[in-house]
Amino acid sequence: MSADIAVRELSRRFGAVVAVDGIDLDLGAGVTGLLGPNGAGKSTLLRMLATVAAPDRGSIRVFGHDPSSPAGRLAIRRRLGYLPQEPGFHGHFTCFQFVDYVAILKEWTRRRERHDEVRRVLSLVGLADVSNRRISRLSGGMKQRLAIAQTFLGAPDLLVLDEPTAGLDPEHRLRFRELLGSAALRSTVLLSTHQTDDVAALCNRVVVLLEGRIRFDGPPAELAARAAGCVWLAADRDPAADLGWVGGDGRWRNIGEPPPGAVAVEPTIEDGYLVVAGAAHTLTEAS
Amino acid sequence: MSWDRIALALLPLVVPIGLLSVFVGGTLWPAALFTAIEIGLVVLARRSGRAPIEPAWSAASSAAGHRPSHPRTGSVPVALARVEIRELLLSGWFQAGAGFCILLSLGVTSFERGWWASAALLPLLVHPLCGLTIVAVHRNVTRARRDGAAELLEACPATVADRRVAHLFSAVVPITVGVVFVVGLLVGSGLKLDLYGPIDIRVVSDAAIAALLLPAGAVALGVALGRRFSFALAPFVVLGVILAVNAEFWDEPDGRGWLATGTPSNELDAVFVQPPVAGRLLWFAGLVTLVVGLAVWAGRRSRSATVALAGSLAVLAGIVVSAVPPGDGTVERLAGYVTAAPAYTTCRHLTSDVELCAPAPYRDHATSLAGDLQPVAAAIPAGAVAQPLTLRFYAKDTYMLQGRVRRAVEASMVSDSAAGMPFGHHDTHRAEARFELAAAAVHVPTGNTPPDAGLVNGQARGVVLLWLAVAGLPRDDALGVLSPERTGTPTDRGDIWPSYCGTPVQWAPQDLEATRRLLTAGADRVTPVLAAQWARWVDPATATDELLSAVGAPPVGQPDQIEDIGATC
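Residue numbers (numbering that gives the first Met the number 0), protein chains in the order written: chain P, 0 to 286; chain G, 0 to 568.
Looking at chain P on its own, in the form it has when it is part of the complex (with noise of 0.2 Å):
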């Protein structure tokens, strides 16, 4: 069976920055997490993916389709659902307004059918009772739920999230997951975060991303056990530590080479996500 989205030798570069950088990635049904560092190049991989940016070099097919073409682009926009990572709105529209404009966007032309559907997205982020307050009065976190609203429209085979739990307080960030879980039931789903603790609620797959290129790809527990045997809990900051901060409980979550003696602990996908991305190290180097 193929994959939903196949990309081949992908490569973007912004003058003399390469975004990214001869990636291949195969997606299928699901949660996909995206994780990586600022710069490394996931917010380019998924522009590239939603067709709103072009690769210098390499092929991306989603569901079969091509997007270096008019017909192919066009194929993939109407599976598709988008929520750039800064997305802009009409300040001046009201909620109910905007997402309309964006569902005649995704050639929602008969008016009844349509405004159905646009309370339906408003009702799935909590916006309804809000649908006629103009943009520029809502929190930042109901313009990032209203940004989530407009993805939902005509419920996409795929959806490109961009961070999109940015902004979004905790009580929000767990429905968004409740809300993401059911769509990725029937859709193929793909996020970027920095939450890895959304990564590990929700995704069955996840990529880290560095420098342009794919350093992980697997389940979120294999990511987790890259860090097994380098997290270890101490009374005070371990010398030998690439990165250790104080817990809740006064004591020492030191990551890195563990002295002789020292108690590993069971490591988190953020472990892990450290581990891979050489960010203790990183960090560490920086102090």
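No lab work stands behind these hints, which were simulated from the structure alone. Hints are not guaranteed to be accurate.
[To be verified] Cβ-Cβ distance ranges computed for the label pairs, FRET-style: (1) 109/P x 175/G: 37 to 43 Å; (2) 243/G x 14/P: 50 to 56 Å; (3) 38/P x 247/G: 51 to 57 Å; (4) 316/G x 109/P: 43 to 49 Å.
For each residue, glycine too, the CB sits at the ideal point set by N, CA and C.
With chain P held as given, fit chain G onto it using these hints.
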């Protein structure tokens, strides 16, 4: 619609309504009431916008959505057009343009020059609406980029071309406003001011350009601009260029003056600056097609837009090439009209001493005027004037003539003493012609005369002038003309040229009263007296009371001292 939207929508109306209430109603209270309502709406809007609540998400298990059914061709731009129409209607820039239309409707009270000349001004008058429409549409087209929403919208199936077409469809808004403005202004002026002259294809052509083509072109230009130049000042730069082009053609219309968007097609008179109606319509239609093509053209893929662009360019080029200054024959003919050359002028005798001359295109107008002038001419005693009096049309200005015609006119124009009316189908002609003929009969100069030359207070010839000028009018109409009050008649301030730059003829109130006494005495008593001593009565040294005494009417006494008001502009 929320309170703040209503408040926003009504905001641009505050100023026009304020001005309306002051200048038309003569009171401020409607403006004050409207402003209070507006403030109330703003307060409501602020209250309704306070403290955003954080509503909860609904259960994610809501019924799953479904895909839209496959859209019919063109249905997406049509659906988007509804949004763009709403956005254009709510645009403050567009509303300001519509407000200008209202203000101009109020300001154009001098729409009294006939249908042709009035209609010729319409394209100019819709320029504020069209200019601000360009700004509004440009802002709508660049909205996504300005708000940072371009990426989100670009990921949707509807293409950028669909969105551009939707913006073009929003032209229905300024076109509707344009139609209401143009039809309202013409009909309103026609009813109120009794415009006259023929309502022919030229009037319809100018109205169509103003109401349909220019607003449509403005929207297309806004789209084309927004597509290529997203910076906010872009439309203002283009407006500056349009203004400069119009100013250039306004000062130097020459043979291509009518190609500019705002230059009146027939400022002097349709007879002399004659753009071909079809050519002018085609020119503006070609301009609109060109900018529409620029708005939607997307390279080789858009074949129809390419054809439209190429076709419109060919048509426009053809019109520019063909719109050369007129040929020798035309120049001679048009100059002949202006200088009253015998070959191009037809004269008719009203009496043995009075003739009315007009160029061929004014034959009908002259026939109409002749009916009005006949009683005046008949009231001049036979043989009283040394030379036959000739009344004809003249060009009060030559700068609006085509260049070659103007030069030919200036070379051959001779200054003569013929009285007359400026070219144009003006509704003031009937009164002006009466006074011009009467003034010529009694040797009172009109037009650009030396200071004090028009002061006839206390002079019998001034009274004779007035008596002749109202000859044949119903008694009430005649008394109305002679009212000392400011009535809007040619005798206002004693000025027989109320709408023309010249030195006016001025009477004293006693002269108006003396004329009323002559009317009371009746033509049977007055005419023989005038005929017997015409030279005496037209002598500036003869006083008003001498004439009254000869007729047997009571004297009016010493006239008021009148201060020369000088040229009227």
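Structure-based check of all given hints:
Between residue 109/P and residue 175/G the C-beta distance comes to about 26 Å, which lies outside the given range of 37 to 43 Å. At about 40 Å, the beta-carbon gap between residue 243/G and residue 14/P misses the expected band of 50 to 56 Å. In this structure the supplied range 51 to 57 Å holds for residue 38/P paired with residue 247/G, their Cβ-Cβ distance being about 54 Å. Here the CB-CB span from residue 316/G to residue 109/P is close to 45 Å, well matched to the stated 43 to 49 Å.
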